[in-house]
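Top line first, the protein sequences correspond to chains A and B.
Take any residue in the first sequence, note its place counting from 1, add 639, and you have its number in our numbering.
Take any residue in the second sequence, note its place counting from 1, add 352, and you have its number in our numbering.
No lab work stands behind these hints: they were computed from the structure.
No experiment lies behind these values; they were computed from the predicted model shown.
Check each hint, because a few of them may be wrong.
What the hints assert, rightly or not - Calculated lysine-lysine pairs in the DSSO-like style (CA-CA distance at most 27 Å, straight line):
# : chain 1 : residue 1 : chain 2 : residue 2
1 : A       : Lys696    : B       : Lys496
2 : B       : Lys496    : A       : Lys692
3 : A       : Lys864    : A       : Lys898
4 : A       : Lys769    : A       : Lys826
5 : B       : Lys692    : B       : Lys671
6 : A       : Lys864    : A       : Lys769
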Amino acid sequence: MIAERGTRVLNNVQAINEALDLALGRDERVVLFGEDVGTMGGVFRASDGLAQKYGEKRVFDTPLAESGIVGFGIGLAMAGLRPVAEIQFAGFLYPALDQILSHLGRMRHRTRGRFTVPMVIRAPYGGGVKTPEQHADSPEAILAHVPGVKVVIPSSPERAKGLLLAAIEDPDPVFFLEAIKLYRGVKAEVPEGYYTLPLGQARVVREGNAASLLCYGGMVEVCLKAAEVAAREGVELEVVDLETLIPLDTPTIVASVQKTGRAVVVYEAMRTGGFGAEIAARIAEEALDYLQAPILRVAGWDAPYPPFSAVEHFYRPDARRVLEAVRQVLVH
Amino acid sequence: MGVETVQYLDDTGQPLRDLPLSHSELLQGYRALRRARHFDERALVLQRQGRLGVYPPFRGQEAAQVGVALCLRPDYDWLLPSYRESAAALTFGMPISKLILSWRADPAGWGAPPNVNMVQFYIPIATQIPQAAGVAHAQRLLGKEAVAAVFIGDGGTSEGDFHEGLNFAAVFNAPLLVVVQNNGWAISVPTRKQMKVQRIAERAHGYGIPGVTVDGNDLVAVWSVAREAVNRARAGGGPTLIEALTYRVAPHTSSDDPSRYRTEEETERWLKRDPILRMKNCLLHLGLWSEDQEAALSEALEAEFLAAVEEADQAPEPKPWEIVEQVYQEMQPDQQAAWKYLRGEA
Ligand SMILES: Cc1ncc(C[n+]2csc(CCOP(=O)(O)OP(=O)(O)O)c2C)c(N)n1
Chain A
640 MIAERGTRVL NNVQAINEAL DLALGRDERV VLFGEDVGTM GGVFRASDGL AQKYGEKRVF
700 DTPLAESGIV GFGIGLAMAG LRPVAEIQFA GFLYPALDQI LSHLGRMRHR TRGRFTVPMV
760 IRAPYGGGVK TPEQHADSPE AILAHVPGVK VVIPSSPERA KGLLLAAIED PDPVFFLEAI
820 KLYRGVKAEV PEGYYTLPLG QARVVREGNA ASLLCYGGMV EVCLKAAEVA AREGVELEVV
880 DLETLIPLDT PTIVASVQKT GRAVVVYEAM RTGGFGAEIA ARIAEEALDY LQAPILRVAG
940 WDAPYPPFSA VEHFYRPDAR RVLEAVRQVL VH
Chain B
353 MGVETVQYLD DTGQPLRDLP LSHSELLQGY RALRRARHFD ERALVLQRQG RLGVYPPFRG
413 QEAAQVGVAL CLRPDYDWLL PSYRESAAAL TFGMPISKLI LSWRADPAGW GAPPNVNMVQ
473 FYIPIATQIP QAAGVAHAQR LLGKEAVAAV FIGDGGTSEG DFHEGLNFAA VFNAPLLVVV
533 QNNGWAISVP TRKQMKVQRI AERAHGYGIP GVTVDGNDLV AVWSVAREAV NRARAGGGPT
593 LIEALTYRVA PHTSSDDPSR YRTEEETERW LKRDPILRMK NCLLHLGLWS EDQEAALSEA
653 LEAEFLAAVE EADQAPEPKP WEIVEQVYQE MQPDQQAAWK YLRGEA
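Turn these sequences into a full structure, and let the hints guide you.
Okay, structure coming up:
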């Protein structure tokens, strides 16, 4: 269906902006808000021009208060609107964790479906662009550990647009994490008009049989690069973009590992307790008999993301480290 | 009580000035107070019989809750109560059977009927304040004149969400009533250890909204102050912070022992200012009430309560698989797997 549409080349921010524009135009209940999202159009310009186009009742600036933003959005959603909140950087979500844990994910359950929170929280996450302290955090594992929410992390403009529109239509709260590195770092053909892509489906972005690279968001680009290098040596790596962490598409992950017999999980958050551990556990539970090597994780180190630009790239996994892990699993 | 505290009845219930309520309203208000008290007393009995879970009583605070709820329309306005607001919930239209089930920690009680816009009692302190601001703002975006009312205790005003919620409500001019029941204690911590300010209502100035302190044991005062705030909010005048001075004469919850932190004399003093006694004396003074009517009311309330208990008792036992229901609109693979397991199908 998407393939039949005309396409244009857009970067991630443009694709997200287009999705927001389409959602606002299509559904009166959609409202957009956060710090600087109105007049200015967001610090990354994701909501550029939308306040001007839809008015400040639909697209508005809020006070600088993350708990307030999320709590306010929960209230708007319970009352029948479709709020899309922007948290300026994922590393600033923490003041809102009480709202997120106590209510965002729990409201449907704690009111037995009487009140629901069809809300989307967008937040730029991740490193690679030399941001100041706290701006490069990847808190997806914290969010994935919240019952009742969904966590989506797109890796390309075409996917970002369709997934964001699906997230806004979704009846449950969705965290939509956008890799800062990819905002302007990737460009691709994006279908025109309104379309949604299903949440909860991983996709194989490159087929191979030597080992599976399991990744999402900003790490997809890194894994594809590693796969290209490996291919020059005749090693065909399979790259699986998880895309939605909650709900997780375990069958696609398991099928890939059953095919290749080897798994490397790549994510840029701190290694311990990261979402990669969940993926490794699921592989161990469901595909252990197929494994020919231990499951390896390539991740950030067990330290805060370094705000020191000269050494930042030692923290964030790159193709070289992914290939090192691949070599290790291939030895077996 | 200081001069800045709104009051219509003296401590014995004698009107201090002309009452802004009609005779039928005064009677309606008294019945609502008695109904709340009856629920509270009987709920504690159920709790001691092991037929209710942990229960937070509200005895002494009836007027502060009932006076606000009487101004609201349950199918139009919104109520976001915390755990101590069973009286507000009851007056707002929550069926007694649902309240019993709710405090029985039975999922069948965790969800208001479709015609009652009440969110399940909030347990984490202050979290409902920013949400209430959102609910209230949504009414304006949806073109309604509905308002939202949210309750919090004096201790709860120390939380950041109290500030963030009030600030949001103020900035967006949201039709919201934030009602602080200043009952002097946050479990064992007295208000003076909670904050440096004397009057919580004064904080309203910091947000640029009206704030008012009211005698929380005077139903006439609470009702009139709340009505004014509701009317202002409906007309687009934005939020109001109402501080109701009251006292929790009962323990914090059915598991609490207040003798560990406060004196009996203090409680005795407040018992003399009992909101129901004051209202009854007011009615007697105005010649609107008799002991015969009182007895008939008691009888009717007990009958209503017993019928509700019976109804609650008939609710089917919660099923183990309800644990993973209502997590998402559609069960996702992980809930689905757990659901099957809990049903013995996996
Ligand atoms: C965020 C949070 N912290 C702590 C508690 C535990 N707790 C329950 S009630 C309470 C005191 C609340 O006092 P106050 O706000 O004055 O309300 P009151 O109980 O007096 O009505 C505390 C500390 C809680 N429920 N939520």
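To see whether the hints hold, each was checked on the structure:
no.	hint	verdict
1	A:Lys696 - B:Lys496	holds (14 Å)
2	B:Lys496 - A:Lys692	holds (24 Å)
3	A:Lys864 - A:Lys898	holds (21 Å)
4	A:Lys769 - A:Lys826	holds (20 Å)
5	B:Lys692 - B:Lys671	holds (12 Å)
6	A:Lys864 - A:Lys769	holds (21 Å)
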